[in-house]
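Enquirer: Listed below, chain by chain, are the residues.
Protein chains: 2
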Amino acid sequence: MSTDNAPRSDKTEARRPRGLPDRGPADIMATEAMMATIREVYQRYGFDPVETPFLEYTDALGKFLPDQDRPNAGVFSLRDDDEQWMSLRYDLTAPLARYCAENWQNLPKPYRSYRAGWVFRNEKPGPGRFRQFMQFDADTVGAASVAADAEICMMAADTMEALGIPRGAYVIKVNNRKILDGVMEAIGLGGEENAARRLIVLRALDKADKFDWPEIVKLLGPGRRDESGDFTKGADLDNGQIDALGSFMKGSIKISQVKDGPTTVTTRFPAFEGPNFRENRLYMDGIYELESIISLTTAASYGHDRIRADFSVVRGLEYYTGPVFEAELLFEVKDEDGRPVRFGSVGGGGRYDGLVSRFLNEPVPATGFSIGVSRLLAALQALGKVSTKPLDGPVLVLAMDRDVTAMASYQKIVAELRAAGIRAEIYLGSAGMKAQMKYADRRASPIAIIQGSNEREKGTAQVKDLILGATLSATKDREEYLALQARAQFEVPVDGLVQGIRDVLARQRG
Amino acid sequence: MSTDNAPRSDKTEARRPRGLPDRGPADIMATEAMMATIREVYQRYGFDPVETPFLEYTDALGKFLPDQDRPNAGVFSLRDDDEQWMSLRYDLTAPLARYCAENWQNLPKPYRSYRAGWVFRNEKPGPGRFRQFMQFDADTVGAASVAADAEICMMAADTMEALGIPRGAYVIKVNNRKILDGVMEAIGLGGEENAARRLIVLRALDKADKFDWPEIVKLLGPGRRDESGDFTKGADLDNGQIDALGSFMKGSIKISQVKDGPTTVTTRFPAFEGPNFRENRLYMDGIYELESIISLTTAASYGHDRIRADFSVVRGLEYYTGPVFEAELLFEVKDEDGRPVRFGSVGGGGRYDGLVSRFLNEPVPATGFSIGVSRLLAALQALGKVSTKPLDGPVLVLAMDRDVTAMASYQKIVAELRAAGIRAEIYLGSAGMKAQMKYADRRASPIAIIQGSNEREKGTAQVKDLILGATLSATKDREEYLALQARAQFEVPVDGLVQGIRDVLARQRG
Chain B
1 MSTDNAPRSD KTEARRPRGL PDRGPADIMA TEAMMATIRE VYQRYGFDPV ETPFLEYTDA
61 LGKFLPDQDR PNAGVFSLRD DDEQWMSLRY DLTAPLARYC AENWQNLPKP YRSYRAGWVF
121 RNEKPGPGRF RQFMQFDADT VGAASVAADA EICMMAADTM EALGIPRGAY VIKVNNRKIL
181 DGVMEAIGLG GEENAARRLI VLRALDKADK FDWPEIVKLL GPGRRDESGD FTKGADLDNG
241 QIDALGSFMK GSIKISQVKD GPTTVTTRFP AFEGPNFREN RLYMDGIYEL ESIISLTTAA
301 SYGHDRIRAD FSVVRGLEYY TGPVFEAELL FEVKDEDGRP VRFGSVGGGG RYDGLVSRFL
361 NEPVPATGFS IGVSRLLAAL QALGKVSTKP LDGPVLVLAM DRDVTAMASY QKIVAELRAA
421 GIRAEIYLGS AGMKAQMKYA DRRASPIAII QGSNEREKGT AQVKDLILGA TLSATKDREE
481 YLALQARAQF EVPVDGLVQG IRDVLARQRG
Chain E
1 MSTDNAPRSD KTEARRPRGL PDRGPADIMA TEAMMATIRE VYQRYGFDPV ETPFLEYTDA
61 LGKFLPDQDR PNAGVFSLRD DDEQWMSLRY DLTAPLARYC AENWQNLPKP YRSYRAGWVF
121 RNEKPGPGRF RQFMQFDADT VGAASVAADA EICMMAADTM EALGIPRGAY VIKVNNRKIL
181 DGVMEAIGLG GEENAARRLI VLRALDKADK FDWPEIVKLL GPGRRDESGD FTKGADLDNG
241 QIDALGSFMK GSIKISQVKD GPTTVTTRFP AFEGPNFREN RLYMDGIYEL ESIISLTTAA
301 SYGHDRIRAD FSVVRGLEYY TGPVFEAELL FEVKDEDGRP VRFGSVGGGG RYDGLVSRFL
361 NEPVPATGFS IGVSRLLAAL QALGKVSTKP LDGPVLVLAM DRDVTAMASY QKIVAELRAA
421 GIRAEIYLGS AGMKAQMKYA DRRASPIAII QGSNEREKGT AQVKDLILGA TLSATKDREE
481 YLALQARAQF EVPVDGLVQG IRDVLARQRG
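Chains as they are written, first to last, in this note's numbering: chain B, 1 to 510; chain E, 1 to 510.
Quick caveat, the hints were computed from the structure, so don't treat them as lab data. For clarity, every value in this text was computed on a predicted model and none was experimentally measured. There's no promise every hint is true.
Which copy? The list can't say, so a pair holds if one copy fits it or any two copies do.
[As the list claims (entries may be wrong)] As a list, the in silico DSSO-like pairs of lysine-lysine whose alpha-carbon atoms are at most 30 Å apart:
#, residue 1, residue 2
1, 109, 173
2, 109, 389
3, 207, 458
4, 438, 233
5, 109, 218
6, 218, 438
7, 438, 109
8, 434, 250
9, 438, 389
10, 233, 434
11, 11, 173
12, 63, 124
13, 109, 11
14, 438, 207
15, 334, 434
16, 63, 11
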């Protein structure tokens, strides 16, 4: 160790890799409080916690590059000592699929589980875009019934309300991937040979909450160049196809009543519905599943104000196979330029019937929902529903003398305060009185305890009310000042200190 | 997605990399409960939470191989897109040092903080040895005074007791690295040129709780070959040096009373103290610091039964510069061969004055303590101080019919139970009645709710007490059987269901 104060070039620079943030007390404690509420709701729905490790084999995550033995550049990957590729988990769904497949014989079926965890994206970080962030997921694996999807939607709605988001300020939007897939078939984008183009279309439509329609049109057509000059390849649709998709997507859907099956759909669309849509099997299945979900949620008293069908919900992920959901917050916040914008999505999910059966020789249907933890926390903060104040400041015992006898006396005082449940510290630095009072201020300490050699000999200590003390200088009247001063600092015997501190804390809390 | 049931070779294998475990509900919930208690103690001591990301630049962790630009094989490392090496954190101390250095201007000084987090070791996993595990750390950065070390020791003792470990079943052992460094100087192992050998000696002595002394002697001497044939290089000490170290280490220390400074040490050693030890400055400083810590803890009423000096505490880490501590559990558990052994260490720490100043042009003294979370949890489980039962089983609404009308009715029932705070599920699979009852058993459901078409038309449901039901078959007396049977399953109107369930749950809880 060097105690040399001269600049030295061999010092290591203290720096973080981009997009990997530290977290302070307010963020940690608010997140923990929020997650405790979410856990409570999920447990009430019969979900159990289960967690997977941070690293998985890259093939288990499905993250190899097409036709290559190298992992996708979007994930953080490294080789294990036996040369196998491992990756940091990209989301919590792929590891859960691995877990369920590995333990399928021993799990209750259907299997409801939840987990919160950090996920990692090896992507360009930006404002509000991190390479490490937290998700809170719940999944039902082994249930083919849309009742499982309906349950997830109701649980999402209950979660929003349990967190203090008022009814009307959020909505759970439901759609079905089969509907859009059917529309795509109907406009000539069906079949294996169009799979890659369909994914481009889905990702383009999923950007509808970020971009205006003319920008989406570029992504559906020849491609789009952003401000930085980066070019995103388009789906190369013709104008007729783009218009059909656009008219359909911009419509809304009012679910009326579901009958026996996909052949007797009674839904009315104010939206554009192409002439051949209802002859498409996928389309009709999707409509039926969507209607069934809304019937189930309506029956359980979750009205259209809480859970509703909406064709604009797309979800850009490849693996969804049926119902898709999005939890959207409807209240407005100011954007970077001070304009009011809807808060938008704080979570989403859907059915992924292929993800577990990728590992198994049997179909294992599954559905789930994922909350973006920091995004939801930001929403609660905007609504004033979560404390941004971390912990109460500690009572501070000043270090007036630093010999072992004096320090032992301070340790005794602070140990008694802590044993009485009072948050307390000794000043452990080497600075003088003025810096110690500054430290008390920095720590938001409500009270300082001062024991010089005089007090130590008498077996007493001074109690200084730092909150009352701060108001003293504003007091003009002399008698009032003296009265206040006497209450702001007083001497007590050491064995009466706990009570004295308790009295001041009670006074401060009103 | 394939629904093909024939074995297929293109299925991905569901497997985890070695030493990276999944975690189930009992483990997650017990760990969370334990950590909540630890957090509470740490907060009472004035410590605030702060967390760092999982990936750091390898140079910030000090994990490059000597004289090479490649990271140590013991850490998981990968290159960022700008070719800089990053590593998964190996412990929580090195990232905290980076954090403190990066934010030093804006932190309260001294800075007390705590954090729980996963750390990663790219080492050979084995029984009880994982490549991902959790630590719970607390650190005081910017305090040179041994009062900070004493505080950490008292906090560790309070933590053990807050977790339910009785006084006498644990001890916080304190030593000082300077004492052993002084002894090494005295036996001719001083100076820069012996730094590597000293580290080998420290690591060898740190194994004293795992190995018998003759094995340690091999590590101090020519080296040791283990059962698997792996060879560990030794420190190449001669017999005189080994004997001196052995005699010293095996002694115990009784701290009497500390006077003014390192020149007037009054400690009495029943242990071997070499003839020239007391002429060694490091040795005397170490003794004085150790005595000061014990004086401070004793003054705060932490007696030798809780915190005591012990020369056998070494801590194998290179970066410790002064006081070192170890939290040891004294009760016995059975080892693999059924022999009683002491539970041993559940945490440790010490002063690392060089770690933050590695980044800065000023000395930043620091001290900390780290708990091995799963090891401590295992101890609490051995003591019966933590629940190994996860959550209460959910009330199960059986799926008697699966049309939308029936499922909607079940959803309504389960939604009302959940709204009343009762953990409840619908059976969402496709299996019949028998498999559903097996599912209820698997989920430890206390109650099943059964509503067939008859009950649905009447607006009622059957409530089945699964715990009472399980005792029915053991009942011989016919009248008693019928009376029990009537209580074990009964019909209630749907709007009386919540109350009916509450009554049964109350009865079950006695």
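Enquirer: Hint by hint, which ones does this structure get wrong, listed from lowest number up?
Expert: 3, 4, 5, 6, 8, 10, 11, 14, 15
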